[in-house]
Amino acid sequence: MSAQRRERGLRAVPDGSPASATPAEARRDDAARLADLLVRSGRGDASAFEQLYDALAGTVHGLALRIVRDPHLAEDVAQEVLVEVWRVAARYRPDQGSARAWVLTIAHRRAVDRVRSEQSHADRVIAHGARQSGDVEHPEQVVEAMDAEWRAARVRRGLAALTPLQREAVELTYYKGYTNRQLAESLEIPLGTAKARIRDAMIRLRDAWEVAR
Amino acid sequence: MNENVHALIGAYAVDAVSPAERVEFEAHLGACDDCSVELVGMREAAAVLAEAEAVAPPASLKGRVMESIAQTPQLAPLTSDDAASPDADPASTVPAEGAPSAVPLASSRKRLWPRLALAAASAAVLAVGGLVGSSLVERRQDDLALEKDVMMVTSAPDAHSMDLGLGTAHLVVSEKMESVVAMGDDCPHPKDGMSYQLWLVMDDGTKEAGPTFMPDEDGTFMAIMEMDMEGAAAIAVTEEPMGGSAEPTSAEVAVVEL
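Line by line, the protein sequences give chains Z and Y.
By the count of this note's numbering, the first sequence reaches residue 213 at its end, each step adding exactly one.
By the count of this note's numbering, the second sequence reaches residue 471 at its end, each step adding exactly one.
Among these hints, one or two may not hold up.
[To be verified] Just the calculated beta-carbon pair ranges, DEER-fashion:
no., chain 1, residue 1, chain 2, residue 2, range
1, Y, A464, Z, E185, 51 to 57 Å
2, Y, S281, Z, D36, 19 to 25 Å
3, Y, D399, Z, A32, 16 to 22 Å
4, Z, A32, Y, Q287, 21 to 27 Å
To be clear, the hints were calculated from the coordinates, so they are not data collected in a lab.
C-beta atoms are modelled at their ideal positions from N, C-alpha and C, and glycine is treated no differently.
Using the sequences and the accompanying hints, generate a full structural model.
Spelled out as structure tokens, the structure:
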């Protein structure tokens, strides 16, 4: 019964390597561990939070870096996000999704808010210049290099499932912090089309990765 | 329920929304189980995008974060009795499931009309749209204050949403917060020189004046009325001269039974 459920969850595995060793399997164990660490952090357990830090700081920082670009700013954002995670950890509810997604939702919003407030000064949003995913060179060492390769391949596969227009919408909103209105105006498409495009893209990504529970 | 709001889910999942849209969508989430479920999947997908970006932060960051948390008090968990505070949890915006749909009016039964009267007097301050006269800075601060208040209402555990009948605009009512929020993004404009005004219609048919509001050029507006629900039968909207009236001077353009 639960074995069947596991089977289903395993469909996202890239190849037929032994089940216990697949990244997806490791991921699931990892997800349960992170949820536990986050819950314990919420109860004031600093050592649990430290382990959570070790597991997620690289992703939080990397996401901030990708969005705000400036390394110092990215570090600031990462620090704010991680302290915020500690502050609000008791509000995490496992039935609302994974601990990882919960933390990264905070991180993404904070990074986007930061880039928008910067943009309101610098008006950087006007220069459009859509980039393909992965064209940013990070000189820093990528954490967990072995796993990183699998992750990158996974993202490439997901993005490849999108139409070019959907990919562009994800690029401009998720990675660059455009609002749906900015997306519509910069691409000269109706607002409803912009909203639908983002929605369709996220549904397709979700389905490609089978991350819905 | 509201097709326009529903369509925002993807944009909301990737934070591609304005503050007003964020508030509006979160109000919608409370009333739409489908969106709540769908959002979980989209957020997980967004997390996959983020994971591929991992870059180790400078080693010094860990020391600073650990030092900082040692001095940072933590929020207590939410219970089903709590009204979620707007900044309590930036990630978990899905209102508590299983929250009681009707919360008994517990504490204050006093009317909050002094505040409401103030709201009506400074109606331009309280309505997001149509703030032509105020400076951008003031407007921004007013917007933020309003959004915060609106968020308090829309994230209350007993918040429920009803169609208002002005375009796809809707009301969000929280008895617990003793407030009614009206918002929309495709509201038709009132006649020249007029603005909309909210009214609380009592059981005995009398009407108590609420704030005025004016949609902006896109038809977006947001307004809040603080009130005790006791003895209230409906919320009505009329068109009134700018600044609002003490008594309605025209027929209702919308009525929502409570």
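Item to complete: Sort out which numbered hints this structure fails and list those numbers smallest first.
Response: 1 and 3
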